Amino acid sequence: MPQSAMRIRLPRAVVSPGQSSVDVWQPSPFTLTLFLGPAVLIFVGFTAYPVLRTFYNSLYLVGPKGAATFVGLHNFSQVLQADPVFWTAVRNTAIFTLVGTPLDVFGGLLLALCLFAGVPFARSLRVIWFLPVLMSYVVVGIIWVWIYDYDWGALNLLLHAVGLGRLEHSWLGDPATALWAVMAAHLWKWLGFNMIVFLAALHALPSDVLGAAELDNCGWIAKSVYIIIPMLRPTLVNLLVLSFIGKMMIFDLVWIMTQGGPLWSTETVSTYVYKRAFDWNTFDLGYPSAIAVLWFIIIIAFVVVVSWLLRQRDRLEF
Amino acid sequence: MRLWLSYVRRTPLLLFLLGYTVLTGGPFLWVASMSLRTTSEIFANPYGLPRHPHWSNFADAWIGSNYSIYFWNSSLAVVSAVAGVTVIGAMAAHCLARYRFRSRRTVRFVILSGLVLPPQMLILSLFQILLDYRLYDTLPGLSIVYIATQLAMTVYLLEGFFSQIPQDLFDAARMDGYSDFEIFWRITLPIGVPAIFTTVILNFVILWNEFLYAVVLMTSDDKRTLPLGIMHFMGDHQLDVAMLATGLMIAIIPVALIYACFSETMIRGMTAGAVR
Amino acid sequence: MAIVSIDRLSKQYVSGGDFAVREVSLAVADGEFMVLLGPSGCGKTSVLRMIAGLEPITSGTVSIDGRVMNQVPAKGRDIAMVFQSYALYPHMSVRDNLAFGLRRRNVSSSEVTRRVHEVAGRLGLLPLLDRKPHALSGGQRQRVALGRAIIRQPKVFLFDEPLSNLDAALRVGTRAEISRQQREIGTTTIYVTHDQAEAMTIGHRICIMNAGEVVQIGAPMEVYRNPANAFVARFLGNPPMNLLPAMLEPGGDHARVHLAGMMFDLQQWPIGRLRAQLNREVTLGIRPEDLYENLPASMPRLRVHVRAIEPLGAETILLLAAGEQHHELVARVGRETSFRIGEWRDIAFDLRAVHLFDASSGRAVSPPAA
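Chains as they are written, first to last, in the numbering used here: chain A, 1 to 318; chain B, 1 to 276; chain C, 1 to 370.
Simulated from the structure, these hints should not be mistaken for laboratory data.
Predicted, not measured: the structure shown is a model, and the values here were computed from it.
All C-beta atoms in this analysis are idealised placements derived from N, C-alpha and C, irrespective of residue type, glycine included.
Check the hints yourself; a few may be wrong.
[Unchecked claim] If you want a taste of the chain A side facing chain B, the calculated C-beta under 8 Å gives, among others:
#, residue
1, P50
2, M135
3, S289
4, W295
5, I298
6, I299
7, F302
[What the hints assert, rightly or not] Some residues of chain C that are not near chain B, with every Cβ distance over 12 Å (derived):
#, residue
8, R22
9, A197
10, P300
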């Protein structure tokens with residue numbers, strides 16, 4: 001049989017120590033550079049380096065044109081001890097997160113459970129419910145600014161129409177209600193997301209277990225609480241963590257609706273960082289960097305604690 | 001009798017669902033309707049339908065209020081960023097999914113850690129960095145930053161998909177004599193098209209709506225992206241509700257169109273990662 | 001078209017960990033069909049992949065036609081492989097799947113077309129050339145995978161359990177097809193399977209592996225008749241060979257075996273050969289087909305209790321228990337049986353077909369002179 005005209009090229013693949021032959025799935029340096037190079041470069045240049053530089057900045061007073069004076073931990077002590085705005089921002093963000101996250105996630109869970117009970121058109125309707133998720137915060141923010149408008153906004157008009165005219169408010173203008181108003185808008189955007197995730201998770205549950213529960217004569221509520229929710233635990237935890245992190249970093253919606261006003265009532269940590277960096281009378285990037293670093297540590301601590309707790313297989317009561 | 005009862009029990013639920021649907025979809029219809037009216041009409045009757053649809057609103061917004069520039073800026077920045085992150089991300093994902101090498105776990109962990117990184121840790125330094133490299137307030141600069149922000153998610157999604165392509169296909173190609181790049185080009189890419197498509201759509205929607213990085217890294221009006229442009233307009237012309245509504249529609253329509261065509265893909269793509 | 005030889009091949013997946021393949025040595029002659037047979041996890045697929053160049057070798061060498069191939073990457077070894085999952089490129093037509101490997105090797109396009117047609121014709125794939133894999137049945141996909149290997153005209157064919165994804169009926173037909181193609185083309189072939197029936201029918205020689213090591217190499221019937229140890233004895237043959245504990249005792253010029261409460265003379269086994277095993281426990285093996293219901297006069301009898309009867313149509317399987325310890329015994333008898341469940345009956349067994357194995361190592365005790 002004729003030999004095919006074939007050139008055997010020198011192997012480019014690498015022989016690693018401990019092997020006495022060539023390994024085709026070990027990449028040559030050239031292959032590695034070709035495939036991973038661009039990603040690593042971008043990552044290092046525009047993600048890793050900026051993070052490190054933020055840590056660096058936090059220890060300095062960074063003036064205009066890059067003039068940097070070393071101040072050590074001074075920024076941090078200032079932030080923690082001498083900055084009432086920071087603590088207001090922390091308080092606001094904490095309320096936003098600690099109230100908003102459960103509302104967000106458990107609201108979605110409740111809706112999903114109700115839908116799972118068998119409601120017509122659920123599949124088509126979810127296309128509409130997902131719409132806010134896809135919209136820019138600019139769109140969401142402006143729509144809700146209009147809804148909250150004192151004179152012609154939908155909320156006040158609705159209250160008036162049902163006879164609750166005395167509840168009419170300047171929702172975004174009143175420090176007492178502004179944060180809650182923003183939270184409601186945020187909820188409007190994200191509730192659909194959680195609901196759809198839970199619906200998908202519910203449909204993925206093994207139907208034989210649910211069937212066995214039926215045979216065991218479980219009432220609907222008992223079935224939900226003792227069987228379904230525990231089986232949804234991984235998804236639930238996932239969504240809680242996602243929601244938590246997202247809310248801790250909230251910037252866009254607040255900036256668009258209230259810019260942190262009125263009177264710092266909606267100031268969040270991220271809007272404050274922005275303001276200190278770009279909207280302050282003195283230009284200093286070091287101080288806001290310190291705030292960012294502090295907040296980052298808190299978020300990471302949270303993620304680590306939650307992962308640790310999960311590894312301990314603690315029973316979460318809900 | 002029983003059937004009737006079950007309907008009765010269900011009525012509150014159905015009403016609630018109807019209400020929720022109205023609450024979710026209603027505002028968009030409202031904005032759409034406002035975009036076709038004049039501001040005076042709107043103030044007279046905020047929730048009515050347009051008497052005569054003012055299609056000219058869109059022309060005015062496009063030309064007169066610079067929305068064409070904002071739209072163009074957004075398109076440029078977003079399309080180039082999506083193209084870039086798809087290519088770079090796919091190559092990285094392929095390498096991580098297919099090859100064995102010592103630093104694989106570390107590289108993977110590091111790149112994916114970008115998923116939980118708060119933007120605040122990046123924006124201030126990126127501001128400095130872009131200034132230093134004279135990329136500040138430029139669309140290419142914004143584009144590169146966008147590639148960096150979306151890289152983690154893209155690599156995560158694509159690596160997950162690529163690693164599920166049966167190894168046998170690649171072994172067969174190896175034996176047939178195909179080189180590393182050819183294997184990527186002729187096997188991973190064609191087979192990975194569904195996943196790549198999903199990431200393209202997701203990246204597009206996320207970047208089209210992106211606000212924070214744009215606000216920090218762009219200042220001149222002729223470089224603003226669409227969300228920034230609308231905000232700017234909002235700041236200057238708060239009362240010109242009709243024009244604002246038209247601007248919003250210009251921002252909404254591309255996303256809505258893509259969604260209309262690919263709703264299932266998008267829903268599944270965005271929620272699949274969270275379902276466990 | 002080539003001699004493949006493997007010398008002391010070893011594989012550790014984790015450095016310092018267990019050996020998946022331990023010092024395997026094998027020589028496959030030119031044009032021979034060698035089957036690697038063994039249970040899951042015995043290392044046969046690892047050996048195949050090391051020969052192919054898809055898996056790095058920990059130690060030992062792979063040579064083709066005398067040339068050591070360790071440092072040669074897969075594409076340079078002139079080997080074609082048929083994978084268990086067929087590995088057909090899903091986005092390419094059958095024609096392109098067949099041509100893929102050729103195009104890469106500087107074969108002229110007219111030659112490629114010619115060969116595609118030749119191979120497709122040979123395997124009955126001509127009407128399917130423009131279809132994509134998802135539009136083919138399992139058997140058709142298998143043939144395309146086979147075609148892709150044949151078309152390369154390599155020195156060696158490697159098969160990695162190619163029939164395990166097919167249903168039983170298709171399996172029989174396809175293995176005959178593979179056998180036929182190999183005979184016609186004459187390429188040296190190494191074939192991995194865990195199915196002993198497949199191994200028996202398809203290969204020139206079988207290499208049985210277990211736990212990373214070679215246990216026995218030989219022609220199918222030879223390995224079947226003279227298993228090197230109890231593992232091989234039970235692995236080949238369905239239902240598997242019966243293994244019973246027994247005691248060897250001296251009895252004049254031949255040995256006697258104490259089995260299930262009875263004593264039998266082993267005339268065919270000169271006592272000289274069995275000296276080391278006398279007065280020791282052995283394992284006695286007898287295949288189900290060597291047990292007889294109709295009690296020929298020349299054969300010794302065993303008293304058994306009938307536990308279950310499985311009439312299969314062409315034959316009947318009897319599940320029996322022998323002796324006080326109720327050792328399980330499986331017998332294979334004719335179309336009908338007079339045995340009834342629960343009865344105590346006699347069954348005859350062919351002493352000449354008895355195998356003896358060392359009770360601890362499982363190694364076969366020297367067989368009687370053939």
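Hints versus structure:
1. Annotation: interface hint on P50(A) holds; nearest CB of chain B at approximately 4 Å, less than 8 Å.
2. Checking M135(A) against chain B: minimum C-beta separation of about 7 Å stays under 8 Å; hint holds.
3. At about 5 Å, the closest approach between the beta carbon of S289(A) and any beta carbon in chain B falls short of 8 Å, and the interface hint on this residue holds.
4. A cut of 8 Å between beta carbons decides the hint on W295(A): the least distance to chain B is about 7 Å, and the hint holds.
5. Interface restraint check: I298(A) against chain B, minimum CB-CB distance 10 Å, threshold 8 Å, status violated.
6. A cut of 8 Å between beta carbons decides the hint on I299(A): the least distance to chain B is about 6 Å, and the hint holds.
7. Because the closest C-beta pair between F302(A) and chain B is about 10 Å apart, greater than 8 Å, the hint is violated.
8. Every beta carbon of chain B lies more than 12 Å from that of R22(C), the smallest distance being close to 22 Å; the non-interface claim holds.
9. Listed as outside the interface, A197(C) is consistent with that label: its C-beta sits roughly 25 Å from the nearest C-beta of chain B, beyond the 12 Å cut-off.
10. At the 12 Å boundary, the C-beta of P300(C) stays outside the reach of chain B, the nearest C-beta of that chain being 53 Å off.
In this structure, the earlier hints numbered 5 and 7 are contradicted, and the remaining ones agree with it.
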